[in-house]
Amino acid sequence: ILVVINIAIVALSYQVFLKPQTTKIAGLTSGLAELTVKVEQNRRIAADIPRFQKEKADLEEQLKKALSQLPNEKEIPNLIDSISDSARKSGLRVVLFQPGQETPKGFYAEIPVNMEVEGTYESLYNFCVKVGELPRIVNIQNIATNLAAGGILSNPVVRARFVTMTFRFVSTDEAAAASAAEAARKK
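Residue numbering for the sequence shown is 1 to 187, as defined by the numbering used here.
One thing to keep in mind: the hints can contain errors.
Stated by the list, open to error - With a straight-line Cα cutoff of 25 Å, these simulated DSS-like cross-link-like pairs (lysine-lysine) come out: (1) K38 to K64; (2) K64 to K54; (3) K130 to K65.
Don't read these hints as lab results, they were simulated from the structure.
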């Protein structure tokens, strides 16, 4: 009877004290393995921090360069004047120069300028080259050309209609206000 009682006490002690502890130990061991893997991943990431900081600095530099090509509100009149001057310096006669309505597009806004000019093909080409050399981003879109009346055959005069599209940087405050206005207009 004593042997049976001792076996029962040992079995009960195992079930009450040892088995929960072994289960807890097994759970903690698997948790330790997971944490060890995470620590290794974090160590690899920590070893790459200088590379990430360099990439961040490079991306910030690229952003500064891109933003420098987007003028702010104060620079737009000067930019439009430089487009007009480029046309005149290229030998084009400006027939129509009509700045359009600004269209917000997130962090930038598009500013179209409808233009109609007269001159030779070479003058039109020179104008496109001069616009391409401007320090700001300016696109020439929707070019439609035809011969103007009064041109001679050896040096024909071309009348060209197109849109010069320039862009300006929109600050976060302006973008938020434009989004709110757009939402109110849609309602």
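Against the structure, the hints:
1. K38 to K64: This hinted pair is violated, its Cα atoms lying about 36 Å apart.
2. K64 to K54: Status holds; Cα separation ~15 Å.
3. K130 to K65: With Cα atoms ~20 Å apart, K130 and K65 stay inside 25 Å; holds.
Going down the numbered hints, you'll see the structure goes against just number 1.
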